[in-house]
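Q: Heads up: the protein sequence lines correspond to chains R and F, in order. All the letters of the first sequence, read from the start, carry residue numbers 1 to 97 under the numbering used here. All the letters of the second sequence, read from the start, carry residue numbers 1 to 456 under the numbering used here.
What the simulated footprint calls covered on chain R by chain F, stretch by stretch (three residues with Cβ under 8 Å from a Cβ of chain F suffice, anywhere in the stretch; the number is not a length): (1) 11-20; (2) 24-36; (3) 43-55.
With beta-carbon atoms standing in for the labels, derived distance ranges: (4) 49(R) x 374(F): 22 to 30 Å; (5) 80(R) x 396(F): 42 to 50 Å; (6) 82(R) x 346(F): 25 to 33 Å; (7) 318(F) x 69(R): 28 to 36 Å; (8) 399(F) x 92(R): 39 to 47 Å.
Taking lysine-lysine and the DSBU-like style, the derived pairs with C-alpha atoms no more than 35 Å apart in a straight line are: (9) 95(R) x 73(F); (10) 3(F) x 257(F); (11) 24(F) x 450(F); (12) 87(R) x 73(F); (13) 24(F) x 3(F); (14) 424(F) x 268(F); (15) 399(F) x 424(F); (16) 399(F) x 283(F); (17) 324(F) x 87(R); (18) 324(F) x 73(F); (19) 257(F) x 268(F); (20) 95(R) x 324(F).
Everything labelled a hint here was simulated from the structure, so no lab data went into it. From the three backbone atoms N, C-alpha and C, an ideal C-beta is built for every residue, glycine too.
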Amino acid sequence: MATAISRDEVTHLATLSQLQLSEDEITALQDDLSRILEYVTQLSELDTSGIEPTYQVTDLENVGRHDEVVEPRITRDELLSLSPEEKDNQIQVPKVL
Amino acid sequence: MTKIADYQGSSAVANVKKALEEAKKNEHYNAILSFCEARALERAAEIDRSNVTGRLAGVPFVAKDNFLTYGTKTTAASHILENFEAPLQATAIERLEAEGAICIGKANLDAFAHGGSTENSAFGPTLNAVDETRVAGGSSGGSAVVTALDIVPFAIGTDTGGSIRQPASFNGVYGVKPTYGTVSRYGVVAMASSTDTIGCFTTNAADAELVMDIMAGRDPHDMTTLPDFFGPEAVKRQQKIGIIREFMTDDVDGEVKERVSEYVSRMKAAGHNVEEVSLPILKYALAIYYIVVPAEISSNLARYDGVRYGRRAQSATLTELYGKSRSEGFVRENKRRIMIGSYVLSSGYFDAYYLQAQKARTLLIQAFNELFDTYDVLVGPVSPTPAFKLGENSSDPVKMYLADVMTVPASLSGMPAISVPAGKTATGLPVGVQLIGQRRSDAALLALAKDLEADA
Chain R
1 MATAISRDEV
11 THLATLSQLQ
21 LSEDEITALQ
31 DDLSRILEYV
41 TQLSELDTSG
51 IEPTYQVTDL
61 ENVGRHDEVV
71 EPRITRDELL
81 SLSPEEKDNQ
91 IQVPKVL
Chain F
1 MTKIADYQGS
11 SAVANVKKAL
21 EEAKKNEHYN
31 AILSFCEARA
41 LERAAEIDRS
51 NVTGRLAGVP
61 FVAKDNFLTY
71 GTKTTAASHI
81 LENFEAPLQA
91 TAIERLEAEG
101 AICIGKANLD
111 AFAHGGSTEN
121 SAFGPTLNAV
131 DETRVAGGSS
141 GGSAVVTALD
151 IVPFAIGTDT
161 GGSIRQPASF
171 NGVYGVKPTY
181 GTVSRYGVVA
191 MASSTDTIGC
201 FTTNAADAEL
211 VMDIMAGRDP
221 HDMTTLPDFF
231 GPEAVKRQQK
241 IGIIREFMTD
251 DVDGEVKERV
261 SEYVSRMKAA
271 GHNVEEVSLP
281 ILKYALAIYY
291 IVVPAEISSN
301 LARYDGVRYG
311 RRAQSATLTE
321 LYGKSRSEGF
331 VRENKRRIMI
341 GSYVLSSGYF
351 DAYYLQAQKA
361 RTLLIQAFNE
371 LFDTYDVLVG
381 PVSPTPAFKL
391 GENSSDPVKM
401 YLADVMTVPA
411 SLSGMPAISV
421 PAGKTATGLP
431 VGVQLIGQRR
441 SDAALLALAK
451 DLEADA
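Modelling step: build the complete structure from the supplied sequences, incorporating the hints.
A: Written out as structure tokens, the structure is:
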């Protein structure tokens, strides 16, 4: 099957998406993504010149709230306890660079 | 099938014990991922002591496992949240509890609600309530099955592109996807923020009305919630109803069309005026959906990084930690959608895909609005087929997506749509009819369904 996207593009998308994929997964996803992109490409047939995009469907605009401090429902300790690794009241991660 | 009223007036502890017993008897359906037994029994005892009253006092229910709840885990049927215990509860759960309802457990779903069969659950598929060789539908498959099996009189779910309506139709129960913004999304695992809605599964229209009335309303924690508009209402006489031609083509299963036609005959017999209508742009709705929704998913699922919560993969560097935690924590369908989203949002492709889809979405909404100038309700099937076989569509993502072709239009438009049981096929598989209305017409749709149910 002719593929709509290359293996290199799949690898690039994985990097953009912070996904570390195996070689088999890259092969499978190249096929999957190609099928999906081939399907959605039909939208290019549609004439949308002069049409404004719709980003939300609530009809609401600029919903405000009172300028008051709201006490959080969750405590700092509760949040920290959700973290897989915690040290000295902070979330611990491996070296960044 | 049992109704909410069947649970009222009896001991809450007895109700909860019975529901738990039924759930455990039906464990092989894999409809429930975890129980909040201790908390449920504690709350039931409190209700029996009359410390809690309300319109659902002592009534047990099940929540899809993407609602944050106390007393058990919230996994979104994913490995990355496998052991996640929520520090707060969803507004929808809080509102039901305030009326005395008792959550007994969490229902299976496609991981992060990505799918239409519940086969994408990291913890195995849910079996159809009527035929165990078939899918439950999805993504709220577990919620539909527990309602259909009479384990609980109602369950709650989320519907982003059909995830309540389609499993409701596959299992023969009512399913409500409300107007976008009807129920607060606070405390619910986000999928696609511009189409995520919260609704319910019930065995009859009146119960759906009650549950939606309780969950609906403005919430300061979700600024997209609409000011109160939902309230049960009486059926309007002589409605103008449009049957959607594009949903009744030769591609649709013959028996599904027959059941829908019979329902339409009942509408006519009740005095409503039914005409055929056409919405040619529906042809593009699925393509719009599978651009817009993956784009929003890629953004919403960026938060699962293995750092602040969820499962973390052991790694030497931070980049590797992100990549491995996400790769191990997501199922393949999650990865497909995240990567499609990254693709359609990336520079060079944004205009051709994402922007084009959002413009096409405007055209879709305009076409619906034009019809709603004349018609009160649009009608058609929920799904082109009854429940399909387990494994039948799982090898080809596009084939699976096509099962959503009739449910995504209302989602993209923010319009309410309900799935109403409309009988069965010759082999006994349930068929659902879909009623779609203009925004904020939720109560009118339910009133119509209730009225026609009485005629059945």
